[in-house]
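There are 2 protein chains.
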Amino acid sequence: MASTFDYVHGYTTREAERLGDQARSVAALLHSDTRYPAGSLVLEAGCGTGEQTVTLARQSPNAKFISVDVSGGSLDAARAQVRAARFDNVVFAQTDIYVPPFAPATFDHVFVCFVLEHLSRPTEALTHLKRVLKPGGTITVFEGDHGSTYFHPDSPHARRAVQCLVDLQARAGGNSLIGRELYPLLTAAGFRNVKVSPRMVYVDSSRPELVEGFTKNTFTAMVEGVRERALAEHLIDEQTWQQGIADLYRTADPDGTFCYTFFKAVATR
Amino acid sequence: MASTFDYVHGYTTREAERLGDQARSVAALLHSDTRYPAGSLVLEAGCGTGEQTVTLARQSPNAKFISVDVSGGSLDAARAQVRAARFDNVVFAQTDIYVPPFAPATFDHVFVCFVLEHLSRPTEALTHLKRVLKPGGTITVFEGDHGSTYFHPDSPHARRAVQCLVDLQARAGGNSLIGRELYPLLTAAGFRNVKVSPRMVYVDSSRPELVEGFTKNTFTAMVEGVRERALAEHLIDEQTWQQGIADLYRTADPDGTFCYTFFKAVATR
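Protein chains in written order, with the working numbering: chain Z, 1390 to 1658; chain D, 1390 to 1658.
Chain Z extracted, bound-state conformation (with noise of 0.2 Å):
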């Protein structure tokens, strides 16, 4: 069983805080519409620090879930988190998301989030995950696309350092474009009555909580986060890396906009 996972954002005080502020920044338009019935057992399927868990405990109170990841550090964070807004719905464990230790059919519904992306053999998981719901039960999943990013003014440079993002975790095996590859994942992966909503977050300056919950601190942030690895592998020169950080934050400029498109689908065992 893994205990490692090559995440490409890395385990540092600063991802946590970008997460959590992606979370809250784009929370209600992710989530607002998922919510599970009482009495559901709910398998969370890569809860990572709980960003996504405080939401689904506080929307479904009389749902139960298991949050499972496989780093035990994130688990910690997560159920730090869980404590801290008081819920008590919420069950953490250590495992790898490719070897669930479930009997098949065990939940009413499966929930990933942000997941996928990191996974080099994403319809492998799902079928995993298909094995542990219950027949008629529902799976959950959330994705980015990177693909989906542009913004005004336009910049090769801004362009360019999101594609080192892009190539790096292809390198590590994952795939930042794979929102886009929801349908035909869950498809190929055997669940039924697959249905996709993309959900895209447009920022202007008249949404100001966007602007630096969004456009700066959640996706810049993000970007930012993988310099040293995009410099130390040669996917861009110093300098061009510096304008295109310039450039994505000159894009919250009172002036500027920016657009990005997470991918929820929803499909049935």
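Hints were generated in silico from the structure; no laboratory data involved. Among the clues, some could well be false.
Said to hold, decoys possible - Calculated from the model, a selection of chain Z residues having no Cβ within reach of chain D, i.e. all distances over 10 Å:
1. D1477
2. E1570
3. M1611
4. D1626
Said to hold, decoys possible - Okay, derived cross-link-like pairs now, DSSO-like style, lysine-lysine, Cα gap no bigger than 27 Å in a straight line:
5. K1584/Z with K1453/Z
6. K1605/Z with K1584/D
7. K1584/Z with K1605/D
8. K1519/D with K1584/D
9. K1453/D with K1584/D
Note that the Cβ used here is the ideal one computed from N, Cα and C, for glycine as well.
Assemble chain D onto chain Z, guided by the hints.
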């Protein structure tokens, strides 16, 4: 007063059919929330062949529309469409969008759809339109953004073919990446209370009417329409072009997906 207009898509019958497919497949997404009160006088600036005019007239039967275009041929087609649909609340006039022959503060509202992308001076056009709008009246602007296009399977050849359209429009003085720019454009033209609402078209094989009506017969047909000019101006070689178009059609297969975003903006004088 300019009587010609370098419309990148041309004025052919296939282009007219393409516009019809586009209008029908995404009309609800774009226009279902565009309605004008009874008695309003609305300027539709750049009505083209009348695809949006029919929707406007249907959705606001008790408003009065003055629909103008620079092309007499397009106006004939628009007139025929409105007549066939038996609407009597539209008057047509041939005029240049930069020189609207109306007194200041004539209109309660202004509507502009898929026009600014073709103009070299969009802010100037908006300023002229503001002049003929009553204080407190609204302008509604729709534009696409070809940079919002992405698909599965991804293909550098297909992206290259799409880029030909972007480059040709830029050479003709237009800007096919203008959707993301509506907020700063309207602000720069002096409008207040600018609200932008992106309208993303997401297509997978569970939505067959969009596979046909949008992916194939709207978007890919639009790209195919610039084949001769793209080759003549050496923007692409014949083999890459053919592969690019084939790859765009490939996204309409059962495991393909296609994404494109239109932008609606509403602002107040």
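Hints, verified against the model:
1. D1477: 38 Å, holds
2. E1570: About 5 Å separates E1570/Z from the closest Cβ of chain D, which leaves it inside 10 Å; violated.
3. M1611: 19 Å, holds
4. D1626: Given a closest Cβ separation of 23 Å, the condition holds.
5. K1584/Z with K1453/Z: 24 Å, holds
6. K1605/Z with K1584/D: 21 Å, holds
7. K1584/Z with K1605/D: 21 Å, holds
8. K1519/D with K1584/D: 16 Å, holds
9. K1453/D with K1584/D: 24 Å, holds
Violation of the numbered hints given earlier is confined to hint 2; every other hint is satisfied by the structure.
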